Amino acid sequence: MTLDSKLPSGPIETAWQRTRFDLKLVNPANKRRHSIIVVGSGLAGGSAAATLGELGYNVRCFCFQDSPRRAHSIAAQGGINAAKNYQNDGDSVYRLFYDTVKGGDFRAREANVYRLAEISVSIIDQCVAQGVPFAREYGGALTNRSFGGAQVSRTFYARGQTGQQLLLGAYQALERQVHEGTVTMYPRTEMLDLIVIDGRARGIVTRNLITGELDVHIADAVILGTGGYGNVYYLSTNAKGSNVTASWRAHRRGALFANPCYTQIHPTCIPVSGDYQSKLTLMSESLRNDGRIWVPVKKGDKRSPDQIPESERDYYLERRYPSFGNLVPRDVASRNAKAVCDEGRGVGETGLGVYLDFSDAIKRLGRHVISERYGNLFDMYQRITDEDPYKVPMRIYPAIHYTMGGLWVDYHLQSTIPGLFVLGEANFSDHGANRLGASALMQGLSDGYFVIPYTIGNYLATNKFPKADASHPEAQAAVASVRQITDKLLSIKGHRTVDSFHRELGKIMWDECGMSRTAEGLKKAIGQIRALREEFWQNVNVPGSGDDLNQSLEKAGRVADFFELGELMCIDALERNESCGGHFREEYQTAEGEAQRDDEHYSYVAAWGYRGPGNAPELIKEPLEFDYVHPSQRSYK
Amino acid sequence: MKLTLKIWRQKSRNDKGQFVTYTMNDVNPEMSMLECLDVLNETLIEKGEEPVAFEHDCREGICGSCGFMINGVAHGPERATTVCQLTMRHFKDGQELVIEPWRAKAFPQIKDLVVDRRAFDRIIASGGYVSISTGNATDGNTHLIGKDTSDRAMDAAACIGCGACVAACPNASAALFTGAKIAHLGILPQGKPEQDRRARGMVAQLNTEPFGSCTNIGECTGACPKEIPLEVISVMNRDYIRASWKKRDDDVRTVRPVTDWSLSSKP
Ligand SMILES: Cc1cc2nc3c(=O)[nH]c(=O)nc-3n(C[C@H](O)[C@H](O)[C@H](O)COP(=O)(O)OP(=O)(O)OC[C@H]3O[C@@H](n4cnc5c(N)ncnc54)[C@H](O)[C@@H]3O)c2cc1C
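Chains as they are written, first to last, in this note's numbering: chain R, 1 to 637; chain G, 1001 to 1267.
These aren't lab readings, by the way, just hints derived from the structure by calculation.
Predicted, not measured: the structure shown is a model, and the values here were computed from it.
Yeah, the Cβ is synthetic: ideal placement off N, Cα and C, and Gly gets one too.
Be careful, since some hints might not be right.
Said to hold, decoys possible - Here are the computed lysine-lysine pairs in the DSS-like style, where the Cα-Cα straight-line distance is at most 25 Å:
(1) R:488 with G:1011
(2) G:1047 with R:493
(3) G:1011 with R:493
(4) G:1016 with R:240
(5) G:1266 with R:31
(6) R:555 with G:1047
(7) G:1047 with R:240
(8) G:1105 with R:467
(9) R:555 with G:1105
(10) G:1105 with R:488
(11) G:1147 with G:1016
To be verified - Here are some chain R residues the structure puts well away from chain G; computed CB gaps all over 12 Å:
(12) 140
(13) 237
(14) 281
(15) 594
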């Protein structure tokens, strides 16, 4: 199989414009005759469903929460990038494109990234028009902050609640369409399988999470905006419900999964405090604008931070990366934090933490400015740790945060199953091996508001959709397969809870496929995951039945998929004998301990095909070409 | 620390429900209220019992999924804190916590601590937006919006839709929730063209749902984890009164409340 990424030819600056012109249009009167399923109501799914509804398509939108407004996007804190250059500091579409390709360590497609940078400006306009209360200057203009991996201020934000405000904008647009009747919303409804008829995605099987009923939904096309899979690690900054099930079941039906091992570890999270811990709390990256990161020079220095004099502090990021300092990209900041802790210089009870210190900034700017910028983050930190960051430096440690990998899509955001489109964090498309801060919100909204409305139109206009309904054999087979998994999970009634398996899987993934990886460790992990999965299917205890609200059953299905995904992540990490972005293989590093890419052998997207349970997956490579930004060793020195 | 949890258990909407008492002997003061329930649930499952159903997702106090009454207080004793961020150090060793779901006719019971809050979505759908389809926008800096105005809009926009305001209100009114959206959008120039229509539409839907009326008691704002100010209710009332005499035939129509979940997944 070869992959056709449908990349436009010719100058990159006009590529998207030319593509849009070439895409076929659906006659306005025909739009309502086309039905589209959108799974997910986050920034990607919500913006897509609303926009497709506005265009007049007949849309059904699904989410597992009780309301579309609660999608995980709501939790994003720091901001969203756009190449507006409102600050007159040298930004441009080209610079955002350049920074993103470089930040992704030259493992993303140039044409996709260029389009993203180009669309970024329209996103801000659209969101402002919806009433998103972005931060402003006294004079009334929009203001910006800078974020890791960039030397310009291009991040728009709404206090520390940017994701919430952007999602509410999309949610309100979505509810407007619900009221207009163009979109039907199905909350508390989980997609558990994809229905593929004659080689095309034509529907989904869902479970009503309140009544347990399985239903078949048929449409002309299916869009997944189902988010990332960071929860394979159990502890992550993701919402507890975030999962890979929708993507994974589509993968089992033939959609290729790309770069699963590219995961992002966020450098600034509150450290783990005990084994009851259910999730990790992010402290926005924007804190690195004013906070200085340090550890004691001496190993095992147990003095309280105010007792450690300046000369005995190591501001290691400022020391190693003088030009970016505390604002190096996430992967670099995280690896350095791990390195100093591994040397025994970590702080806090567990020694797994570094200081993020605001005392200089408070001296320079005053407490009120810091409180204005980060007040709610400081409150959150204090609520959780019972320490006052205005007085004592924060303690932070890296945590799993984002997954760059996802279902493979072409330039049209279409997966390898025709009619199945994938948006937002669920696809792999724009961030290469490392995502820059404030770029996920941008990508989700770019995909949903401005890309999919064009590309799906082309698909609908150029294909015929024979009638199908729930009685179709493929639909019935999908329902039977879902029922079989559910029945099996409920029948085992073993001795271990779902969470105990999930925790153990997460530990394996964090230890061997986390911040740094080795061939040996990955091989070991694959064996451990297989054994644990086997035990899961013999010994898990899912209480209750399948015909009402059963949160253990929901979790069990998701964890079952995480097992298979976890193994694929290790296989992918093992296959990639280089270090790039978030994927750091200890065997491949420069003399200074930086990631060592191998462009000659690994400048490709690794897209994996499913070949049945227990069979080795098939690797299909999509070569990457760089005509504009020349791959070089990333340097933030 | 040791705690006694008296938790409302109810299998389904039609079940009568009752309090069940659980004792927990080693609660770590650093864990959150939800982590405490996680620990309880693990032991229940191991004993072959059904875990307590409760809603949660982000566990960072922003998604609005979680929420229940602790000793009669929505989200428990800490101000401006949802139960997912409420750490156990705020309780005393040996204390009894009575935990029950939001009680309001407009939030029908689903199971244990889980209720149906779809009425909130229907209120938003009746005008809680700016009608601006994708592609219509002008440049973001077209409207200059003073920082004070923008900050005030943000204060109202911070609502997480958890339902604590309704649960705390003796009348089970949703005025704070509705007022927050009317204020957020009405304060901003982008929301002005629809200010009247929005107030009429949203208030009409609010009145269609079985929420009680607001009698200005103020419990809502005290329980609100985002401290939405009571003024938003005055803004709503002012906007509504001003808008009512301009009523039009093409107003946003109200929708009938739907509370049955078995209809909701049908294609
Ligand atoms: C704490 C935190 C802070 C962040 N801060 C920033 C930031 O400042 N800037 C930035 O750019 N990015 C940030 N990110 C990343 C960003 O928030 C996410 O990548 C992005 O919001 C993902 O959006 P999405 O629409 O792709 O998916 P999500 O928002 O995760 O939405 C997924 C949707 O799919 C639904 N769903 C999933 N599976 C199913 C199923 N099987 N059936 C039915 N429905 C399903 C869910 O119900 C949900 O509606 C942050 C992430 C975290 C965790």
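Hint check:
As the CA atoms of residue 488 of chain R and residue 1011 of chain G are separated by approximately 23 Å, the hinted pair is consistent with the 25 Å bound. Distance hint between residue 1047 of chain G and residue 493 of chain R is fulfilled; the C-alpha atoms sit about 11 Å from each other, no more than 25 Å. This hinted pair checks out: residue 1011 of chain G and residue 493 of chain R have alpha carbons roughly 20 Å apart, not beyond 25 Å. The hinted pair formed by residue 1016 of chain G and residue 240 of chain R fails the criterion: a straight-line CA distance of about 30 Å is larger than 25 Å.
The straight-line distance between the Cα atoms of residue 1266 of chain G and residue 31 of chain R is roughly 22 Å, inside the 25 Å bound, and the hint therefore holds. Restraint check for residue 555 of chain R and residue 1047 of chain G: satisfied, since their Cα atoms lie roughly 19 Å apart, inside the 25 Å limit. Only pairs whose Cα atoms come within 25 Å are accepted, and residue 1047 of chain G paired with residue 240 of chain R is accepted, the gap being roughly 24 Å. Under the criterion of a C-alpha separation no larger than 25 Å, the hint pairing residue 1105 of chain G with residue 467 of chain R is inconsistent with the structure, at around 43 Å.
A C-alpha spacing of about 30 Å is found between residue 555 of chain R and residue 1105 of chain G, which places the hinted pair above 25 Å, so the restraint is violated. Between residue 1105 of chain G and residue 488 of chain R the CA atoms are separated by roughly 38 Å; this puts the pair beyond 25 Å, and the hint is violated. Proposed proximity of residue 1147 of chain G and residue 1016 of chain G is contradicted: the alpha carbons are some 52 Å apart, above 25 Å. Residue-level check failed: residue 140 of chain R sits 3 Å from the nearest beta carbon of chain G, not beyond 12 Å.
Non-interface call for residue 237 of chain R relative to chain G: violated, since the shortest CB-CB distance, roughly 8 Å, does not exceed 12 Å. Residue 281 of chain R, annotated as away from the interface, has a beta carbon of chain G within 12 Å; the closest lies near 6 Å. For residue 594 of chain R, the non-interface assignment is confirmed: its Cβ lies about 32 Å from the closest Cβ of chain G, beyond the 12 Å cut-off.
Of the numbered hints listed earlier, those contradicted by the structure are 4, 8, 9, 10, 11, 12, 13, 14.
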